[in-house]
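Hey, can you work out the whole structure from these sequences and the hints?
In this note's numbering, each number is its position in the sequence shown, counted from 1, plus 946.
Hints are supplied without guarantee of correctness; some may be wrong.
[What the hints assert, rightly or not] Cut-off 20 Å, straight-line C-alpha distance, at most; resulting in silico cross-link-like pairs (EDC-like, lysine to aspartate or glutamate):
1) Lys964 <-> Glu953
2) Lys993 <-> Asp966
3) Lys1043 <-> Glu950
4) Lys980 <-> Glu970
5) Lys993 <-> Glu953
6) Lys972 <-> Glu953
7) Lys972 <-> Asp1031
8) Lys980 <-> Glu950
9) Lys1043 <-> Glu970
10) Lys998 <-> Glu1040
11) Lys1020 <-> Asp1031
12) Lys964 <-> Asp987
13) Lys1043 <-> Asp949
14) Lys998 <-> Asp949
15) Lys980 <-> Asp966
16) Lys993 <-> Glu950
17) Lys1024 <-> Asp949
18) Lys972 <-> Asp949
19) Lys1001 <-> Glu953
20) Lys972 <-> Asp987
21) Lys1024 <-> Asp966
Bear in mind the hints are in silico, worked out from the structure with no lab data behind them.
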Amino acid sequence: MEDEYAECQKVHSHLGGKADGCPEFKSGSSDRFKCSICSCDMMYHRKVVYSKCLKIHDFKIPNSFDGCQHFCPKIYNKSLCNACDCHRNFHQREVAKEVASTASGREMPYGIKKEPLN
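Here you go:
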């Protein structure tokens, strides 16, 4: 399972300085770093991370969560957490406030909004 990315943050001049409204990153068949929906590079999209586990383990005790604070995928089954053994859907889904980092070593392009589109 690869990383998950949310909406595109690229500012387009032909749209009057607004983002194109692409809701999520879908990898293209020929280039896995290019979105097949908006044709933008992956680093224009905000990354999705899964944080604390929200699964209630004992219904008799209110707020009886297991204490897992971050989803860490297992090697053999990427949808299960290695720390608490829960499915990824039990973990809180959060979208990063900034666009993806330049961990790949590529230069950050100009015209990226750094704040969320609210």
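Do the hints match the structure? See the list:
no.: 1; hint: Lys964 <-> Glu953; in the structure: 13 Å, holds
no.: 2; hint: Lys993 <-> Asp966; in the structure: 17 Å, holds
no.: 3; hint: Lys1043 <-> Glu950; in the structure: 14 Å, holds
no.: 4; hint: Lys980 <-> Glu970; in the structure: 12 Å, holds
no.: 5; hint: Lys993 <-> Glu953; in the structure: 9 Å, holds
no.: 6; hint: Lys972 <-> Glu953; in the structure: 10 Å, holds
no.: 7; hint: Lys972 <-> Asp1031; in the structure: 28 Å, violated
no.: 8; hint: Lys980 <-> Glu950; in the structure: 13 Å, holds
no.: 9; hint: Lys1043 <-> Glu970; in the structure: 15 Å, holds
no.: 10; hint: Lys998 <-> Glu1040; in the structure: 10 Å, holds
no.: 11; hint: Lys1020 <-> Asp1031; in the structure: 9 Å, holds
no.: 12; hint: Lys964 <-> Asp987; in the structure: 16 Å, holds
no.: 13; hint: Lys1043 <-> Asp949; in the structure: 16 Å, holds
no.: 14; hint: Lys998 <-> Asp949; in the structure: 17 Å, holds
no.: 15; hint: Lys980 <-> Asp966; in the structure: 15 Å, holds
no.: 16; hint: Lys993 <-> Glu950; in the structure: 6 Å, holds
no.: 17; hint: Lys1024 <-> Asp949; in the structure: 11 Å, holds
no.: 18; hint: Lys972 <-> Asp949; in the structure: 11 Å, holds
no.: 19; hint: Lys1001 <-> Glu953; in the structure: 27 Å, violated
no.: 20; hint: Lys972 <-> Asp987; in the structure: 10 Å, holds
no.: 21; hint: Lys1024 <-> Asp966; in the structure: 31 Å, violated
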